[in-house]
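If you read the sequences in order, they're chains A and B. Letter by letter, the first sequence follows residues 920 to 1035 in the numbering used here. Letter by letter, the second sequence follows residues 1185 to 1294 in the numbering used here.
These are computed hints drawn from the structure, not numbers from a lab. Honestly, I wouldn't trust all of these hints.
[To be verified] Have a look at the derived ranges for each label pair, beta carbon to beta carbon:
1) K1241/B x S984/A: 35 to 43 Å
2) I972/A x P1294/B: 46 to 54 Å
3) T922/A x E1242/B: 21 to 29 Å
[Stated by the list, open to error] What the simulated footprint calls covered on chain A by chain B, stretch by stretch (three residues with Cβ under 8 Å from a Cβ of chain B suffice, anywhere in the stretch; the number is not a length):
4) 934 to 947
5) 952 to 963
[Claimed, not checked] List time: in silico DSBU-like cross-link candidates among lysine-lysine, alpha-carbon distance up to 30 Å:
6) K1226/B x K998/A
7) K1243/B x K1263/B
8) K1243/B x K1226/B
9) K1293/B x K999/A
10) K1281/B x K1252/B
11) K1263/B x K1281/B
12) K1226/B x K999/A
13) K1226/B x K1241/B
14) K1226/B x K1293/B
15) K1226/B x K1263/B
16) K1281/B x K998/A
17) K1281/B x K1241/B
This one's a predicted model, so the numbers in the text were calculated from it and none came from an experiment. Virtual Cβ for every residue (Gly too), placed ideally from N, Cα, C.
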Amino acid sequence: SQTIHQWPATLVQPVGSPLSLECTVEGTSNPNLYWYRQAAGRGLQLLFYSVGIGQISSEVPQNLSASRPQDRQFILSSKKLLLSDSGFYLCAWNRGAQGAVGNEQFFGPGTRLTVL
Amino acid sequence: EDQVTQSPEALRLQEGESSSLNCSYTVSGLRGLFWYRQDPGKGPEFLFTLYSAGEEKEKERLKATLTKKESFLHITAPKPEDSATYLCAATFYNFNKFYFGSGTKLNVKP
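Construct the entire structure; sequences and hints are all you get.
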């Protein structure tokens, strides 16, 4: 079976500090990978998605970046955090190259980021 | 312009009081419509996928339906443990890109 991991679970960082959040998937190969941010009481905002190693699509211009150094690893980074970067960050995966059918996403447990 | 809209934002039900949650979408070319349940502080949990108008899926007290412009999540005789935020998402021409609604927060009172 497939499992998705995220760490850390919670993070408190000062404004201007760097950020690195990691997501890994087990039990599948060549997945699509996604980063979302969820503000309190709100829906999910798609930040980045990747259909393969080194292939990153950015959906929201901001001070965040993403990288996919390995097939099942997805990293979210920032060089300098802003107060507005606070939120709940979720990583998700789905089966790549399968078309529309059977491409539901599965989510990790999330990282709660507070920027002070 | 929001691609996916959910209503109501919040819903309070008595245990056993059936109701429906709505998810409407404004872009043509729907590829998939997805329902998730999210508990506080956790990642969304996948419930259903619907692909074509007229399709229905059921799981315990939940039933999801799809028309050409919207989807409904029907909750029959809900229990307090059904309390959660229910999210819907849709994919359109780019089936790798998911558009999420803002969710319906359901509270079922015993």
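Earlier hints that do not hold, by number: Numbers 4, 9, 11, in rising order.
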